[in-house]
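Hey, can you piece these two chains together into the complex? The hints should help.
Letter by letter, the chains look like this.
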Amino acid sequence: MAENSQYAIEMLNITKRFPGIIANDNVTVQLKKGEIHALLGENGAGKSTLMSVLFGLYQAEEGVIKKDGKVVTINNPNDANDLGIGMVHQHFKLVQCFTVLDNIILGVETVKNGFLQKDEARKKVMALSDKYGLKVDPDAKIEDITVGMQQRTEILKMLYRDNEILIFDEPTAVLTPAEIDELMEIMKNLAKEGKSILFISHKLAEIMAVADRCTVLRRGKYIGTVDIKDTNQDELSRMMVGRDVQLVATKEDKTPGDVILHVENMTVPSKLHHNNAVKNVSFDVREGEIVCIAGIDGNGQTELVYGLSGLESCTSGKITLCGKDITHASIRERNTSGLSHIPEDRHKHGLVMDYSLAYNLVLQRYFEPEFSGKLGFLKKKEIFDYADKLIEQYDIRSGQGAPTIARSMSGGNQQKAIIAREIDKNPDLLIAVQPTRGLDVGAIEYIHKQLIARRDEGHAVLLVSLELEEVMSISDRILVMYEGEIVGEFDPGKTTPEELGLYMAGAKRKEASA
Amino acid sequence: MASNKTKAKESFLSKPAVQSILAALLCIVLGLLLGYIALLIIEPKGATEAIITILKNYFTYPTKAAAMKYLGNTLVKAAPLLMCALSIQFCYQAGLFNIGAAGQYVAGAGAALFCALKLGLPWIICLLAAFVAGGLFGIIVGFLKSYLNVNEVISGIMLNWIGLYSVNMLLSGVKETASPYTVSVASVNPSAILPSLGMEKLFSNNKYVTIAIPLAILIAILLKVVLSKTVFGYEIKATGMAKDAARYSGMKEKRNVIITLFIGGALAGLGAAFLFLTGYEQWSVTQSSVPSMGFNGIAASFLGGLDPIGTIFASYFIQHITSGGSYLDKNIYPSQISDFISAIIIYLCGFVLFFKLYLNGYLRKLKEKEKEEGGKK
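Protein sequence lines correspond, in order, to chains A and B.
One point on numbering: in numbering that gives the first Met the number 0, the residue at position 235 of the first sequence is 234, and numbering is uninterrupted.
One point on numbering: in numbering that gives the first Met the number 0, the residue at position 322 of the second sequence is 321, and numbering is uninterrupted.
Looking at chain B on its own, in the form it has when it is part of the complex (with noise of 0.2 angstroms):
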């Protein structure tokens, strides 16, 4: 009777989705006591409140419509992750290292800014543009890669930069004339923000609640398919897990990483679209960091255990402290503690492996153990 226990035990804990879940909940948690470490001693006194807080997020609102609404302010934003670590997610399953999200997402964010606001587009072209623009930055990474061998993190990283300042200059024209912000897109392109369906009733009357957030999750679902179901995803992994072998299959290896790039930039680009034409936010011209979005991505994907799916609950895990983070008490603690918490689990993510590789050992001595009782009777 206690065999048949650990038997099933084992076999559920042996399956790589569950390692894969337990993985990440080991980082989530490590990542969170570290954070609280970290708390304690920059504040010990309120620290036990501020990490509540920081969990808590939109539950520190008393009434059930104020957290309704500011769940909807998470989840806006979580879109625009998902989509970034969707981006990182999937060139990495070509073997590609796609830290050039970050300005794929800039370049989305111009393109679509410059189309609702300067040439007041329908919101439907506006993500069209989004999606080419990112798109075009991940085929100049891809190009590179494939043609002159240049390493897709060298060329990705400077056209973070070029893509920052390109977007600056671009939007220049369509700033506010009192502050560095770009001018709303509700107030002089209505028809670019994107349709809520009715969505923004759900969550309090937040207006910015839009078809961005289901879209992105069935986004996540369809590259699921593609990777696991499809001609092209066998093409895509095998092409990144052997890239030799890929060619000497036939399969245009050089062709399938400037795809993969195109459709990973595009998937970024369409992200900060999936944001700025909410209007929760405006873009700043004067900034002069790339937006953060791209470079959480890659710890949302990682934390997501590399699969579409598992990356869903991983954004909105992060976008979910992060945004706790922003009701700590600023006189004591950094609202950045929730970046800081969320970096911890980034490279605790680089344990997952150790994790898997010991609960497997677990696994193999539980069995033998097992045997070798059995063997006595």
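For reference, chain A alone in the conformation it holds in the complex (with noise of 0.2 angstroms):
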């Protein structure tokens, strides 16, 4: 009966044990062959640990593996490979100044007599690339092509090596909506050629439209597995978050007063491509309203808020914060005048990651008399105190409290910490540039309830956002971004993520009325 096991990988009753959690607690996953089962938690819910238990970097205190119905032994990662079970991680691992071709074969290369042999090597790949509808130049080399071809090139990596089990870590989060449409068609094509998928997410909507089963842990325990076509997503948050969460943020109708960012013809320069990122950009954010610019990754958003934030300088055009002109004020003055930047990239920008969670919550404010003395001398105690309110006050959760590293606190905690720091400034312009990229339903929830009570409070923010559910459900006017420009304007109450979509692919443009 072993022989005939309807499941490709079984994990039975895994549990995995560090000093002070169990990050796997009696948890079992069962992969059934050509079927896509998705793997749902929040972050610190323990997906990773269990997959590194998978992959044989960690050993597991109790519990077995089975594959085709025989248990297996994995110690390390060549263990795994040799059982034909491959993984796309959530951070590429590609070698940038290679070509597609080259990554692919990386490590498993046919030589004859000392030669490479890549022309066997390139038949193999454009027949898997025909098959399964995996478009690459495989003479592209990585740094230059698309984050969607990138991800291909990882798949193709997987099926060049004969994996049968293939297992997606949180494949979505770095995808524009239309690759995350091609990435499930993608999917859905190797499950139907009878390779098993183990896909890891939280992002609900995905796995409703591409997963067979569902397997949930939340906090390390395993709490069940259910089928998609017997579920909806608010069923599965529950069971994700343990109570109900509010998918779609709820907020009051307000009118918008005045004028409290207003920006004006404004153009910023891109480093990487030497043209101009930003194009003659015009628009306003009022007291009491979130404005949301929407648009796919790359046109521009970045850049619009670099121009705000002062990270990059605008070569023409004038910005007013308040009533007054920022345009060529620096980033300190520009935050210590009322202006707050959630920044994209939290590793780089957002925090220091080698400093204690307590330096990082002063680090817009450390230089205020509050927290250091005549001499220079930082008040420590004022600081440590001041990171104990904030901590409280926002939840924000981490191994030692305020003298945690930042970079050992999970990236929802992170995220909150830099929430908090911004927001506790008052800031009458809130910038926030995709706040809840990569977080947990629970947390973005918190996340969207912080934003919508700046706005309740009568204060002004500008959020940057690539996911139309968050565009679509918490702003009060959308600004359409393509190629540098605004292309449209709108009322969350009066458009379709469809004709958002138009927008958004460049497909139509209408003057923007600031």
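Be aware that a few hints might be false.
[Claimed, not checked] List of simulated lysine-lysine pairs, PhoX-like, C-alpha gap at most 25 angstroms:
#, chain 1, residue 1, chain 2, residue 2
1, A, Lys220, A, Lys66
2, A, Lys220, B, Lys366
3, B, Lys368, A, Lys380
4, B, Lys228, A, Lys378
5, B, Lys236, A, Lys380
6, A, Lys32, A, Lys140
7, B, Lys206, B, Lys174
8, A, Lys111, A, Lys134
9, B, Lys236, A, Lys378
10, A, Lys92, A, Lys122
11, A, Lys191, A, Lys134
12, A, Lys31, A, Lys130
13, A, Lys379, B, Lys200
14, B, Lys253, B, Lys236
15, B, Lys251, A, Lys379
16, B, Lys368, A, Lys220
17, A, Lys92, A, Lys130
18, A, Lys380, B, Lys14
19, B, Lys251, A, Lys347
20, A, Lys228, A, Lys187
21, A, Lys373, B, Lys223
22, A, Lys424, B, Lys223
23, A, Lys424, B, Lys236
24, A, Lys378, B, Lys242
25, B, Lys251, A, Lys323
26, B, Lys236, A, Lys347
27, B, Lys228, A, Lys380
28, A, Lys379, B, Lys14
29, B, Lys251, A, Lys378
Calculated from the structure, these hints are not laboratory results.
Shown next, in the form of structure tokens:
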């Protein structure tokens, strides 16, 4: 009976402990052959640990792993490879200056007399590419291709190694909406061809769209496995978070007040491409409204925010914040005159990863008399008291509280720390760039509430988001950016995601009336 | 009871400072061991005696008076080494590898000696000149780094050579007629010799022992305070650890890089003055290699766990074995064996991280085991 087991891989009653926590507590996941099986859980629910056990990076204290019904031991990643298990990591493992083909064959090259035999490899890669609809240019270098194509390269890498069990770790986090749709198609194709797919995600809509079954973990514990056709998003989110979650934010109607941010004909250059990333953009953000900049990644949103926050200087145009011209103000001047900025890249810009949480919480205020004395000494006690206050108020969870090193905190709590720091400055204008990226439902709900609270208190919020769902649910006004220009302005109550999509893709445009 | 003991041991071993010290000691022991093996290869007969000589340094002298005198000499040379090490350590906090410390040291030596010998200025002005000259060399590197994105290692190394030959030229006017060495500071301009405040008495009237030694230690402590307790230190470290985050928060990261390198350069420059204004050494205007003091500073700062206080002890140790090396029987062993040992130590310092990683892994296992045992009970 073991030979014709219906499961490709089974992880039965896995328990893995770390000092202080049980990362996996009696977790069972059974992956059927040819199915797409979602693994759902919040950050820190134990998904990564479970996958590390499957890959032999950790050894489970209890439980067994079975392949095709037979018990196997996986002591290191090579064992996993030999069993035909492959993984697309959230952060791709590709050599930037190699071509797509080189990356695919890296490590399993065919060699004759010490020379690479690339022709055969190319044939095999192209055959796989055709079979599964994975469009790649085998001779393009990784650094020149889109994120979507990089991901397809990673998938081809697994297929080239004849892997039967494919693990996708948060594969949609880095993709544009169109690329996500494409990936979903590819995953369905792969499953149809008999590959078994484990899909790690916390995006409910995607799981509903693509998966056959779903296993939910919460705080290391196995909650259950459900058939997707018998469930809905609300049930899944309840299983994941352990309580009811508002997936769609609610907010009262509110009439916007005075203009807080006034942008006039702003142009910002792009360092990367030697052209203008933001072209002649004008708009206003008023008191008590959330204005959302929607658009596909790479259409100038990043540079727009750089221009506003001072990280990049504008080549022309005028920025006025609360009636004060800040076009040429320094970053510090802007930060201290009513602007807060939740940056897109929280690891690069938002935090000093090797500083303690307390030091990170005063990153925008350490120079104020409250935290530094006359001789330039830091007031450590005040800093830590202030940090404790924010930790309590914003429910920032970490190992040791204020002295915890930021690097060791979970992504959601790092983001909470940034939000606490930026909101506690009580800014007139809060710029939030993809504040919910990579976070779980619970944290997203929390962040949306914070943004709406700012609005309700009568402050201005400028939100940059790639997620249409988020854009539609919390903004008061939507500006769509396409190739560095604002191509349309919408009222979220009077538009549809489909209409926005047309503008985001550049198929339609209208003059923005700022 | 057993678990109590392990817990105490564990919390003691898990302190970063304790780990740094243990790692440094491990480097030293391994360095000496490899040095000993090298001695054995050269000549097995006297190897044991030789390694003991290196370690004993001034203790080889039978009388206490003589030993104290030569301890003084070791300290005289340890002070400039400490300054160079602090220079490297300080810049390292801002994410900069200041290999240009060697050149900044040379610039400081040139400025101090020129002011002392040519201009006949008092010691305090000479110190100041060395401070500024070293600092200026640092600023050049900092400016190139900040505004033109020139790697500080490249510009630092090139400035080392520019500095060496400029100083050789500058000091050619004040050299002895019969030798390539500059004239003695003590004989030409005694007012430029650093005051000793009676400290020479402690070291059997070693006239080279001056305020340079306590001053260097004070500066180390000052730097420790600046780095860990001030707004400036907060900014410097943030710039070093996360340049983009520093910029995002409105710190002037370009200015910080330049200021850091200015201070780093000034420290190294001051270090040179701390040596040449004691009269212990003269500058040879025909020397064609950059003095090793700046490079040895790298070893001292890494051995000191990149901490100003640790650097004090590390500098002393490296100078101790370097001085000890000069007592070897030159007919059998090259005195460079000490350099060899300190070179091995630098290499091993790279392993400090591995050591810490291993130690932490061991502590974790210990904890886990203990927990399991506790669970069984």
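Here's how the hints hold up against the structure:
1. For the suggested pair Lys220 (chain A) and Lys66 (chain A), the alpha carbons sit about 23 angstroms apart, so the restraint of at most 25 angstroms is met.
2. This hinted pair checks out: Lys220 (chain A) and Lys366 (chain B) have alpha carbons roughly 23 angstroms apart, not beyond 25 angstroms.
3. Distance hint between Lys368 (chain B) and Lys380 (chain A) is unfulfilled; the C-alpha atoms sit about 37 angstroms from each other, more than 25 angstroms.
4. In summary, the hint linking Lys228 (chain B) to Lys378 (chain A) is supported, as the alpha carbons are separated by about 8 angstroms, within the 25 angstroms threshold.
5. Among the hinted pairs, Lys236 (chain B) with Lys380 (chain A) is consistent with the structure: their alpha-carbon atoms are about 20 angstroms apart, no more than 25 angstroms.
6. With a C-alpha separation of about 34 angstroms, the suggested pairing of Lys32 (chain A) with Lys140 (chain A) is violated against the 25 angstroms cut-off.
7. Among the hinted pairs, Lys206 (chain B) with Lys174 (chain B) is consistent with the structure: their alpha-carbon atoms are about 22 angstroms apart, no more than 25 angstroms.
8. At roughly 29 angstroms between alpha-carbon atoms, Lys111 (chain A) and Lys134 (chain A) are farther apart than 25 angstroms, so this suggested pair is violated.
9. Among the hinted pairs, Lys236 (chain B) with Lys378 (chain A) is consistent with the structure: their alpha-carbon atoms are about 17 angstroms apart, no more than 25 angstroms.
10. For the given pair, Lys92 (chain A) sits about 23 angstroms from Lys122 (chain A) by alpha-carbon distance, which is consistent with the 25 angstroms threshold.
11. With a C-alpha separation of about 18 angstroms, the suggested pairing of Lys191 (chain A) with Lys134 (chain A) holds against the 25 angstroms cut-off.
12. For the proposed pair Lys31 (chain A) and Lys130 (chain A), the alpha carbon gap of about 22 angstroms is at most 25 angstroms, so the pair holds.
13. Between Lys379 (chain A) and Lys200 (chain B) the alpha-carbon distance is near 43 angstroms, which puts this suggested pair outside the 25 angstroms criterion.
14. Taking the CA atoms of Lys253 (chain B) and Lys236 (chain B), the gap is near 13 angstroms; set against the 25 angstroms cutoff, the hint holds.
15. Among the hinted pairs, Lys251 (chain B) with Lys379 (chain A) is consistent with the structure: their alpha-carbon atoms are about 23 angstroms apart, no more than 25 angstroms.
16. Pair hint Lys368 (chain B) plus Lys220 (chain A) holds up; C-alpha atoms about 23 angstroms apart against a cutoff of 25 angstroms.
17. Among the hinted pairs, Lys92 (chain A) with Lys130 (chain A) is consistent with the structure: their alpha-carbon atoms are about 24 angstroms apart, no more than 25 angstroms.
18. Among the hinted pairs, Lys380 (chain A) with Lys14 (chain B) is consistent with the structure: their alpha-carbon atoms are about 22 angstroms apart, no more than 25 angstroms.
19. Pair hint Lys251 (chain B) plus Lys347 (chain A) holds up; C-alpha atoms about 17 angstroms apart against a cutoff of 25 angstroms.
20. Distance hint between Lys228 (chain A) and Lys187 (chain A) is fulfilled; the C-alpha atoms sit about 16 angstroms from each other, no more than 25 angstroms.
21. The hinted pair formed by Lys373 (chain A) and Lys223 (chain B) meets the criterion: a straight-line CA distance of about 19 angstroms does not exceed 25 angstroms.
22. At roughly 31 angstroms between alpha-carbon atoms, Lys424 (chain A) and Lys223 (chain B) are farther apart than 25 angstroms, so this suggested pair is violated.
23. The suggested pairing of Lys424 (chain A) with Lys236 (chain B) holds, with an alpha-carbon distance near 23 angstroms, which does not exceed 25 angstroms.
24. Between Lys378 (chain A) and Lys242 (chain B) the CA atoms are separated by roughly 23 angstroms; this keeps the pair inside 25 angstroms, and the hint holds.
25. Distance hint between Lys251 (chain B) and Lys323 (chain A) is fulfilled; the C-alpha atoms sit about 22 angstroms from each other, no more than 25 angstroms.
26. For a cut-off of 25 angstroms, the pair hint linking Lys236 (chain B) to Lys347 (chain A) stands: about 15 angstroms separates their Cα positions.
27. The straight-line distance between the Cα atoms of Lys228 (chain B) and Lys380 (chain A) is roughly 12 angstroms, inside the 25 angstroms bound, and the hint therefore holds.
28. A C-alpha spacing of about 20 angstroms is found between Lys379 (chain A) and Lys14 (chain B), which places the hinted pair at or below 25 angstroms, so the restraint holds.
29. A threshold of 25 angstroms between alpha carbons decides the hint, and for Lys251 (chain B) with Lys378 (chain A) the separation of about 21 angstroms falls inside it, so the pair holds.
Violated hints, listed in ascending order, are 3, 6, 8, 13, 22; each of the other numbered hints is respected by the structure.
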